[in-house]
Amino acid sequence: MNIWNRTSLITGALAGITAAVLSMGANTQSSFAIVLYAASALPILIAGLGWGNAAAIVAIVVAGATAATLVSSYFALLILLVTLVPAGWLSHLANLARPAPELGGPDGALAWYPLSDILGHLAGLVTVGMIIVGYIVGYDSSVSDQMIDMVIEAVKAQEPLYNPDAAAIAQIKSMFTLALPLVQGAIWVLMLFAAYYLATRTVQMSGGSLRPREDIPSSLRMPRNAIFMFLAGLVLAFLGGAPAAIGALICGTFGAGFLLSGFASFHFRTRGKSWRLPVLWIAYLSVLVFTIPAVFFLLSGLTDTRRTIAVTPTGKN
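Using this note's numbering, count along the sequence shown one by one with no gaps and you end on 317.
No wet-lab data here; the hints were simulated from the structure.
Errors might be hidden in some of the hints.
Derived DMTMM-like pairs (lysine to aspartate or glutamate); straight-line CA-CA distance at most 25 Å [claimed, not checked]:
| id | residue 1 | residue 2 |
| --- | --- | --- |
| 1 | LYS273 | ASP215 |
| 2 | LYS273 | ASP304 |
| 3 | LYS273 | GLU214 |
Derived DEER-like restraints, expressed as beta-carbon distance ranges [said to hold, decoys possible]:
| id | residue 1 | residue 2 | range |
| --- | --- | --- | --- |
| 4 | TYR284 | LEU231 | 50 to 60 Å |
| 5 | MET150 | GLY104 | 37 to 47 Å |
| 6 | PRO243 | SER72 | 23 to 33 Å |
| 7 | GLY240 | PRO99 | 43 to 53 Å |
Note that this is a predicted model, so its numbers are computed, not measured.
Each residue gets a CB set at the ideal place from its N, CA and C atoms; glycine is no exception.
Using the sequences and the hints, build the whole thing.
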């Protein structure tokens with residue numbers, strides 16, 4: 001075993017232990033749970049982006065084994081499905097490259113796997129992972145119904161005169177049954193992409209990145225075929241029952257991808273404008289506070305789908 005392979009395996013093992021510790025921390029700190037769960041993807045991504053597939057695989061195996069030993073095999077399976085495996089796969093895709101002439105590019109150059117396809121894979125991975133987790137935990141409408149009942153009881157405790165009628169409660173529960181998987185899927189795609197972005201910047205700053213730094217405002221778009229997945233999710237959402245929940249999840253995961261690409265497009269189109277900074281701040285704050293303006297960026301992402309391929313001279317990699 002040469003030094004590079006040994007270094008990769010040791011790095012992967014340390015990354016796996018770190019990922020497991022972060023996941024277990026999320027299990028105990030409910031207020032920061034989602035942040036810690038997403039942060040557990042960072043060590044896997046950094047190991048894979050900087051040291052290759054071997055380090056990522058070792059990190060995933062070690063993290064899963066550590067979680068299974070210290071918590072439970074059930075917990076280990078859940079974090080593998082929704083965090084660790086997606087992170088490892090993203091790092092693998094990011095390191096893929098082929099000779100540019102095979103794609104009609106210049107001689108003596110490498111063409112890297114498109115960032116748009118990486119984002120599409122992320123949306124698909126989160127969708128599949130959450131469907132499997134939902135099946136394992138037995139997710140159905142009763143889960144969201146219980147959450148609504150808890151909220152209503154809490155409001156009644158504060159306002160004894162509050163007494164909504166049964167029809168209104170039933171309507172709220174029906175809407176929340178679809179809203180819950182939609183929001184969960186969207187948030188998880190956004191969080192994992194944020195982890196991917198931080199990991200790429202960290203590895204690039206250390207000088208160990210295989211993939212070149214990309215101009216995200218011009219290259220971050222969703223692939224065209226993702227539109228059909230989003231439309232399929234919309235159709236399923238009207239069918240009711242489990243298909244509707246899956247459809248809402250698909251709308252959330254792929255919709256988050258289009259939302260990200262819409263923001264990237266907005267950054268690109270406002271580049272060089274004197275009023276750019278305050279407008280960007282207003283745009284982000286309006287989405288965070290009112291949510292509805294996010295529809296504008298979602299539609300912008302849906303109308304601007306393309307694949308931009310980064311090309312670098314072979315000698316630089």
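Consistency of the hints with the structure:
no., hint, in the structure
1, LYS273 - ASP215, "holds, 17 Å"
2, LYS273 - ASP304, "holds, 21 Å"
3, LYS273 - GLU214, "holds, 21 Å"
4, TYR284 - LEU231: 50 to 60 Å, "violated, 27 Å"
5, MET150 - GLY104: 37 to 47 Å, "violated, 58 Å"
6, PRO243 - SER72: 23 to 33 Å, "holds, 31 Å"
7, GLY240 - PRO99: 43 to 53 Å, "holds, 50 Å"
The structure shown violates the earlier hints numbered 4, 5.
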